[in-house]
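Keeping their order, the protein sequence lines are chains A, B and C. Everything in the first sequence is counted per the numbering used here, starting at 46 for the first residue and increasing by one. Everything in the second sequence is counted per the numbering used here, starting at 10 for the first residue and increasing by one. Everything in the third sequence is counted per the numbering used here, starting at 2 for the first residue and increasing by one.
Calculated directly from the structure, the hints in this document are not laboratory data. The reader is advised that the hints may include incorrect statements.
Each computed EDC-like pair below joins lysine to aspartate or glutamate, with the alpha-carbon atoms no more than 16 Å apart [claimed, not checked]:
hint	chain 1	residue 1	chain 2	residue 2
1	B	Lys38	B	Glu144
2	B	Lys73	B	Glu103
3	C	Lys29	A	Asp73
4	C	Lys82	C	Asp282
5	B	Lys208	B	Asp275
6	B	Lys236	B	Asp278
7	B	Lys366	B	Asp278
8	B	Lys13	A	Glu77
9	B	Lys313	C	Asp5
10	C	Lys82	A	Asp73
11	B	Lys13	A	Asp73
12	C	Lys93	C	Glu212
13	B	Lys236	B	Glu255
14	C	Lys145	C	Glu212
15	B	Lys52	B	Glu210
16	B	Lys382	B	Glu210
17	B	Lys378	B	Glu45
18	A	Lys70	C	Asp282
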Amino acid sequence: MTFIMILYYVMTAYVVGMLIWNFIKTKDIKSEILYALALLPLILRLLRMK
Amino acid sequence: MMRKWIILAVLLLVVLAGGIPLYIHRNFKEEVVAGEGVTGFFKLSKYFSGIEGTIADTDVFELKGSEEGGKMLIIAGTHESEPSAALAAFYLIENLKVDRGTVYIIPHFNRSGSLGTQPGGGFPLYFSMETPWGEKTFRMGDRGFQALDQWPDPDVYIHYPEGQAMSYIDARNTNRAWPGRPDGLYAEQVTYAAMEMIKKEKIDIVIDLHEAEAMYPVTNCIVVPEKSMSYATGASFYVKGREKFENHVERSPTAFRGLSHREIGDWSDAYPFLLESPGVHLDQITAAKTPELIMDGIDPFVLKAAEKGLLFVPYDENGFSMDRRVGQHSSVIQEIVVQWSKKNPERGLTISAPRYKEIVDNGLGYFFKDPSKADKSDVYLQ
Amino acid sequence: MSADAIYMQTIIAGIVMVGAYVVGKLFKFSTEMCMFLAVVGGGIAGGAGFDLFRHLAEGSVTYLDIGLIFVFATIFMNIIKESGGTNYIVRKIVGAFYNKKILMLILLMCVILVPGALTGAGSISVLVVGGTVAAALGAMGLSKVTISAIIFIVAGLSAAAPPINIWAMMTCANTAIPYVGFTMPLLIPIIILGLFTVLFLGRKAKVIDREKALKDIPEPKGLSGWSVGIPFLVLIFLLAAPRIWPFGFPVLGLPLAFAICALVAWAMNYKRVNILKVSKDTVSQLTPLLATTAVVGMLVQIMSFNGVKGLISMWIVTAPLIVVWIILPFIIPISEGLLTYGGAMVIGIPLIWMLNSNGINPVIVLAGLSLLWPLGDGLPPTALIGRLTVSTVGYKGSYGSFLKECIVPWIAITVVGMIMVIFANNLSFLMMVG
Numbered sequence: 046m047t048f049i050m051i052l053y054y055v056m057t058a059y060v061v062g063m064l065i066w067n068f069i070k071t072k073d074i075k076s077e078i079l080y081a082l083a084l085l086p087l088i089l090r091l092l093r094m095k
Numbered sequence: 010m011m012r013k014w015i016i017l018a019v020l021l022l023v024v025l026a027g028g029i030p031l032y033i034h035r036n037f038k039e040e041v042v043a044g045e046g047v048t049g050f051f052k053l054s055k056y057f058s059g060i061e062g063t064i065a066d067t068d069v070f071e072l073k074g075s076e077e078g079g080k081m082l083i084i085a086g087t088h089e090s091e092p093s094a095a096l097a098a099f100y101l102i103e104n105l106k107v108d109r110g111t112v113y114i115i116p117h118f119n120r121s122g123s124l125g126t127q128p129g130g131g132f133p134l135y136f137s138m139e140t141p142w143g144e145k146t147f148r149m150g151d152r153g154f155q156a157l158d159q160w161p162d163p164d165v166y167i168h169y170p171e172g173q174a175m176s177y178i179d180a181r182n183t184n185r186a187w188p189g190r191p192d193g194l195y196a197e198q199v200t201y202a203a204m205e206m207i208k209k210e211k212i213d214i215v216i217d218l219h220e221a222e223a224m225y226p227v228t229n230c231i232v233v234p235e236k237s238m239s240y241a242t243g244a245s246f247y248v249k250g251r252e253k254f255e256n257h258v259e260r261s262p263t264a265f266r267g268l269s270h271r272e273i274g275d276w277s278d279a280y281p282f283l284l285e286s287p288g289v290h291l292d293q294i295t296a297a298k299t300p301e302l303i304m305d306g307i308d309p310f311v312l313k314a315a316e317k318g319l320l321f322v323p324y325d326e327n328g329f330s331m332d333r334r335v336g337q338h339s340s341v342i343q344e345i346v347v348q349w350s351k352k353n354p355e356r357g358l359t360i361s362a363p364r365y366k367e368i369v370d371n372g373l374g375y376f377f378k379d380p381s382k383a384d385k386s387d388v389y390l391q
Numbered sequence: 002m003s004a005d006a007i008y009m010q011t012i013i014a015g016i017v018m019v020g021a022y023v024v025g026k027l028f029k030f031s032t033e034m035c036m037f038l039a040v041v042g043g044g045i046a047g048g049a050g051f052d053l054f055r056h057l058a059e060g061s062v063t064y065l066d067i068g069l070i071f072v073f074a075t076i077f078m079n080i081i082k083e084s085g086g087t088n089y090i091v092r093k094i095v096g097a098f099y100n101k102k103i104l105m106l107i108l109l110m111c112v113i114l115v116p117g118a119l120t121g122a123g124s125i126s127v128l129v130v131g132g133t134v135a136a137a138l139g140a141m142g143l144s145k146v147t148i149s150a151i152i153f154i155v156a157g158l159s160a161a162a163p164p165i166n167i168w169a170m171m172t173c174a175n176t177a178i179p180y181v182g183f184t185m186p187l188l189i190p191i192i193i194l195g196l197f198t199v200l201f202l203g204r205k206a207k208v209i210d211r212e213k214a215l216k217d218i219p220e221p222k223g224l225s226g227w228s229v230g231i232p233f234l235v236l237i238f239l240l241a242a243p244r245i246w247p248f249g250f251p252v253l254g255l256p257l258a259f260a261i262c263a264l265v266a267w268a269m270n271y272k273r274v275n276i277l278k279v280s281k282d283t284v285s286q287l288t289p290l291l292a293t294t295a296v297v298g299m300l301v302q303i304m305s306f307n308g309v310k311g312l313i314s315m316w317i318v319t320a321p322l323i324v325v326w327i328i329l330p331f332i333i334p335i336s337e338g339l340l341t342y343g344g345a346m347v348i349g350i351p352l353i354w355m356l357n358s359n360g361i362n363p364v365i366v367l368a369g370l371s372l373l374w375p376l377g378d379g380l381p382p383t384a385l386i387g388r389l390t391v392s393t394v395g396y397k398g399s400y401g402s403f404l405k406e407c408i409v410p411w412i413a414i415t416v417v418g419m420i421m422v423i424f425a426n427n428l429s430f431l432m433m434v435g
């Protein structure tokens, strides 16, 4: 894996962290669902599934 | 709080239930049984150590005849969403006899592409065919390198060495990366390794196997640069006259860079030929993308387009089956070799394998050997 | 399966998808959620079974990189805003050109164009510079409805402006057409239409009240031109370098390029900007867009899987061209209003495919269509950017009156877009310039 590719995984993890933080803080169910939808592709990439 | 846990649980379910099949597909191995023609097996990194141990490295089968002669390289899986190419390669590895000269076959040139399907493409992960000994299953692949292996894309891909700007998506496309460079992206490194092989082995003929949409003008054809033109024309005439199928010749454009049929000819002494068979599953206008569509090529929407005169291939309710597509590849390859050998007797090759009609009559599955009954040393996992 | 049965199955899958979407709307779900319901319905109706999960997973990553571009480009722009950079730029414009009405309007138009052009999202233009520009326009005596219309239309144009045009990038990725040669075919009409919009809607503007305007736009403390300019210079360098040294400069990709610029912007303003807070707020701000990119990917995946995309494509490619020309000005914005980027996938891809097969220049067509898609962001049910603009500007009138104010530039954009689509080959010379 190249250094730049590693940076992309770090960037993805950063966005995942921010999304989870916001997910925990929000009280609105619609927002919670949106956070979950936004998290899906990022988690799949972090786990190197797709 | 309970609600959050439920949403997270659903997310986890989709990640696992959706992701695990993708992971399994990425690690699924196809079995190919080396036929009597196979005399050697090695990695492409033999010619460029820079790809050794990486996803860009790939397998090369060698089929050497008893008599010295010319050399041919058959590349399949440049675009792994065009499965008749890899199947034709497997078929030749199991069935091709080489009496004179040497044939090299790479079944998954873009190995990364063979390990995942196109996001958004809606394709099945696998497709199967009937054989006399049971069902044989293959992976469906993607056109380019997987993002898991080559990430990120540039905002614009610039072809080496011509400097032509192309779509960022083509940075993953091994048929925009010829002649390649050793310190480039993986797609450029694998083509560089192949160019090294072509030069060091003094390959005479390079065949690059593909499929194209029925609605795309460059389909069901042989694409060649000027220097390969007479051989392609001869092969095209022969298969039309004797084997009764259409396979016209298209001229390789000089202004469109990075393609095998352009760069291999320009950067080496080899004669490139890019073979396109009609893969209807690739068309935008198909009904459901099913394994059957990949195998049979039968689609009512494409038929409707054919009735409106929108296709560039003859198409009817019988579709364009895998048997026909692989059969075409087999016949055209053999006929190119015949044409070449006639004009270059000192570098000629003598090869044979069942051709179009035999494959269509018996079905492609008939020609695949049962891995469970074969000598283990002859079974290669791809 | 017989041809009739395949037709029937595909049509049923399509009806189920529409039905699921409508049910979602009846329950007042968000558009992303409605599209997700349509995806699930389409998968089940298409017979995906357990493989539905795989399709959801695979489809969701289709536009992952575009999502990352959104995030890091917006973090960059938000750091500039938080540091006071946006106010700094607008104050400089007001201070220097307050007595030149037309020049003021044009410069403010440019200010709105930049964030959207760099990020590909008109909403970013509204969020980052909308408030500041609205203050400046207000000082020129324009009504809030007019200001809303100007910001909405120009922000829409900014989303289509180069270098990042998401509609074109998504369509290119799915049609094997290079995302190359779009710069001038997009930039020229966008500049012309932007000028027309600000000059037409701003025709009643007065010479600005300099003191009032400067009072309304807070003055950033201790901010120098360098700390605003250097991050943009870095961005220009990172965008230009791969073109200047294509084989010597590492492939950074746009998300990393913007991330680097964000870090530079933060380094120059670290006392003023809490980067963690900006990141958190940015991600929160962008979540609907990120969810949209994930769901649109799923939508394309499922519609390919069950054949609905093929069916729609077939209708389009077999329809007489004249019918296509007539319905496009309506169907393009409406599809955007219904499906956001999904509209480009469902209609844009087959259309481009068909026109490309017919020898019509796909780059010019796509550039023309790109002008029409952002208009849909003002249309219900989503009206994503329309609503955002109205609330940012603080316009309290009816949404209909806001749309009415947009009508003239809307028609102008439609006319220019359709001219580009219909006469694409005659306009191919635009590509030569860029």
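Checked hints:
no. : hint                  : in the structure
1   : Lys38(B) / Glu144(B)  : holds, 15 Å
2   : Lys73(B) / Glu103(B)  : holds, 14 Å
3   : Lys29(C) / Asp73(A)   : holds, 14 Å
4   : Lys82(C) / Asp282(C)  : holds, 13 Å
5   : Lys208(B) / Asp275(B) : holds, 12 Å
6   : Lys236(B) / Asp278(B) : holds, 10 Å
7   : Lys366(B) / Asp278(B) : violated, 33 Å
8   : Lys13(B) / Glu77(A)   : holds, 7 Å
9   : Lys313(B) / Asp5(C)   : holds, 12 Å
10  : Lys82(C) / Asp73(A)   : violated, 27 Å
11  : Lys13(B) / Asp73(A)   : holds, 10 Å
12  : Lys93(C) / Glu212(C)  : holds, 13 Å
13  : Lys236(B) / Glu255(B) : violated, 22 Å
14  : Lys145(C) / Glu212(C) : violated, 20 Å
15  : Lys52(B) / Glu210(B)  : holds, 14 Å
16  : Lys382(B) / Glu210(B) : violated, 34 Å
17  : Lys378(B) / Glu45(B)  : holds, 12 Å
18  : Lys70(A) / Asp282(C)  : holds, 12 Å
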